[in-house]
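Student: The lines below spell out each chain.
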Amino acid sequence: MGVYEFKAGRHFLVRVPKGAELVGFITELIRRRNIRQGEISAIGAVADAAIGFYDQQTHEYHEVELTGGLEIVSLTGNISLKDGIPHAHMHVGLADHSGAMFGGHLSRATVFLTEIVIHEFLGIEKKELERLPDESTGLSCWPA
Amino acid sequence: MGVYEFKAGRHFLVRVPKGAELVGFITELIRRRNIRQGEISAIGAVADAAIGFYDQQTHEYHEVELTGGLEIVSLTGNISLKDGIPHAHMHVGLADHSGAMFGGHLSRATVFLTEIVIHEFLGIEKKELERLPDESTGLSCWPA
Amino acid sequence: MGVYEFKAGRHFLVRVPKGAELVGFITELIRRRNIRQGEISAIGAVADAAIGFYDQQTHEYHEVELTGGLEIVSLTGNISLKDGIPHAHMHVGLADHSGAMFGGHLSRATVFLTEIVIHEFLGIEKKELERLPDESTGLSCWPA
Numbered sequence: 001m002g003v004y005e006f007k008a009g010r011h012f013l014v015r016v017p018k019g020a021e022l023v024g025f026i027t028e029l030i031r032r033r034n035i036r037q038g039e040i041s042a043i044g045a046v047a048d049a050a051i052g053f054y055d056q057q058t059h060e061y062h063e064v065e066l067t068g069g070l071e072i073v074s075l076t077g078n079i080s081l082k083d084g085i086p087h088a089h090m091h092v093g094l095a096d097h098s099g100a101m102f103g104g105h106l107s108r109a110t111v112f113l114t115e116i117v118i119h120e121f122l123g124i125e126k127k128e129l130e131r132l133p134d135e136s137t138g139l140s141c142w143p144a
Numbered sequence: 001m002g003v004y005e006f007k008a009g010r011h012f013l014v015r016v017p018k019g020a021e022l023v024g025f026i027t028e029l030i031r032r033r034n035i036r037q038g039e040i041s042a043i044g045a046v047a048d049a050a051i052g053f054y055d056q057q058t059h060e061y062h063e064v065e066l067t068g069g070l071e072i073v074s075l076t077g078n079i080s081l082k083d084g085i086p087h088a089h090m091h092v093g094l095a096d097h098s099g100a101m102f103g104g105h106l107s108r109a110t111v112f113l114t115e116i117v118i119h120e121f122l123g124i125e126k127k128e129l130e131r132l133p134d135e136s137t138g139l140s141c142w143p144a
Numbered sequence: 001m002g003v004y005e006f007k008a009g010r011h012f013l014v015r016v017p018k019g020a021e022l023v024g025f026i027t028e029l030i031r032r033r034n035i036r037q038g039e040i041s042a043i044g045a046v047a048d049a050a051i052g053f054y055d056q057q058t059h060e061y062h063e064v065e066l067t068g069g070l071e072i073v074s075l076t077g078n079i080s081l082k083d084g085i086p087h088a089h090m091h092v093g094l095a096d097h098s099g100a101m102f103g104g105h106l107s108r109a110t111v112f113l114t115e116i117v118i119h120e121f122l123g124i125e126k127k128e129l130e131r132l133p134d135e136s137t138g139l140s141c142w143p144a
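Chains as they are written, first to last, in the numbering used here: chain A, 1 to 144; chain B, 1 to 144; chain C, 1 to 144.
Calculated from the structure, these hints are not laboratory results. Don't take each hint at face value.
Unchecked claim - Computed cross-link-like contacts, PhoX-like style, restricted to lysine-lysine with a CA-CA straight-line distance of at most 20 Å:
| # | chain 1 | residue 1 | chain 2 | residue 2 |
| --- | --- | --- | --- | --- |
| 1 | A | Lys7 | A | Lys126 |
| 2 | A | Lys127 | A | Lys82 |
| 3 | B | Lys18 | B | Lys127 |
| 4 | A | Lys82 | A | Lys126 |
| 5 | B | Lys7 | C | Lys7 |
| 6 | C | Lys82 | C | Lys126 |
| 7 | C | Lys7 | A | Lys7 |
| 8 | A | Lys7 | B | Lys7 |
| 9 | B | Lys127 | B | Lys82 |
Claimed, not checked - Computed footprint of chain A on chain B, listed as stretches where at least three residues anywhere in the stretch have a Cβ under 8 Å from a Cβ of chain A:
| # | region |
| --- | --- |
| 10 | 8–16 |
| 11 | 28–42 |
| 12 | 67–74 |
| 13 | 98–112 |
For each residue, glycine too, the CB sits at the ideal point set by N, CA and C.
Whenever a hint applies, use it, and build me the whole structure from the sequences.
Tutor: Here you go:
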């Protein structure tokens, strides 16, 4: 059924420093703190970002580069294992100075200020959730 | 005051399979697992979707149909009871291949890949939260 | 490192009444209920709103006024202390009748209907998280 149940773990608020690369920062954080499953959200602002759109026919990512300073209107994501180590999958909605929004898969961003909330999920009886290659999408997915 | 307090229940990560209708899938899931109050968020991609805008003057929903493959930039919602059974109210922000975003009430979507996080809330002393007809908005709402 | 750990506190679902000013309502709620750290999300609709864009060079906020009825596609934020009392920092994505989205820092909004989820975070050994003036951004921030 693709439905995985967990119990609550730790809860974090995180300030990301100016100049950090956001995806790398989060990846390092969840690996160092060993956050193996969970939920992530954030707000703030970035100097620039690359967001991805996945072509559902060709199974290829296309990236859009955004510059000029952008508000993080929403950053929504989850944490699970990939190749045995913690991996964050995140989508982001960004706004420019006029309020116009652009969004997609968060590939890369240079932080101006980012405030993150993380809820850790712990496996019941230590069961863990790992991404595996998925033929139907061409992506690494939780088993359906 | 319209402020309802709960204690934490179960926590779920859910993979929705390709081709599923997202609103129906979530509705069936929360009813089968008896998730009566809670919070829901998701990311992923859909093949198409219908999003609603509620006219605050006429009290009518207008729907916009989107096709061509869209990223789910954010899906934010809550779970409570309606007519005595679990009901999810969800809004969604979607992005097309250029990153341009469209959003509103999630009426319907055909899943390409969707990853959901659910936090269950349990009523203190078994108190439950039910939507009731609300004159000020013309919608089913939690009592204010 | 700017990483602050908490334990889970109370969980709330909140209906905001029609006509309320959303930022003021939330501020009053978290102060009255003494929610000192936490996460906040919401969906719904507003009659109008003011959203802010922070100029990363000049360190000034620019506001965009939106009217005509808007769906709250996402409202994402956090709660921590500022000047010793609870303070909510929230970003919002809004959609007009065509589904087109606008987003930024939530400065002000007149509620039509808003449904909020709050997760309270409690300090471990009563440690609290307070915003302090931050030179690198010109904002009040959690120490990095």
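Student: Just to be careful, I want the Cα atoms of A/Lys127 and A/Lys82 compared with a cutoff of 20 Å; is the pair within it?
Tutor: Judged against 20 Å, a Cα distance of about 14 Å means the pair holds.
Student: Holds or violated: are the alpha carbons of A/Lys7 and B/Lys7 at most 20 Å from each other?
Tutor: 13 Å, holds
Student: Between the alpha carbons of C/Lys7 and A/Lys7, is the straight-line distance 20 Å or under?
Tutor: 13 Å, holds
Student: Given the hint that B/Lys127 pairs with B/Lys82, does the C-alpha gap stay at or below 20 Å?
Tutor: 14 Å, holds
Student: Hint check: A/Lys82 vs A/Lys126, CA-CA at most 20 Å. Holds or violated?
Tutor: Holds: A/Lys82 and A/Lys126 sit about 16 Å apart, inside 20 Å.
Student: Do at least three Cβ atoms from the region 98–112 of chain B come closer than 8 Å to Cβ atoms of chain A?
Tutor: Contact hint for the region 98–112 of chain B vs chain A: holds, 5 residues under 8 Å.
Student: Between A/Lys7 and A/Lys126, is the straight-line Cα distance small enough, at 20 Å or below?
Tutor: 10 Å, holds
Student: B/Lys7 and C/Lys7 were given as a pair; does the straight-line alpha-carbon distance stay at or below 20 Å?
Tutor: 13 Å, holds
Student: Starting from C/Lys82, check that the Cα of C/Lys126 is at most 20 Å away, please.
Tutor: Holds: C/Lys82 and C/Lys126 sit about 16 Å apart, inside 20 Å.
Student: For B/Lys18 and B/Lys127, compute the direct alpha-carbon distance and say whether it is at most 20 Å.
Tutor: 37 Å, violated
Student: Are there three or more residues in the region 28–42 of chain B whose C-beta lies within less than 8 Å of some C-beta in chain A?
Tutor: holds (count 4)
Student: Do three or more residues from the region 67–74 of chain B put their C-beta atoms closer than 8 Å to C-beta atoms of chain A?
Tutor: n = 5 at 8 Å, threshold three: holds.
Hint compliance for this structure: hint 3 alone is broken.
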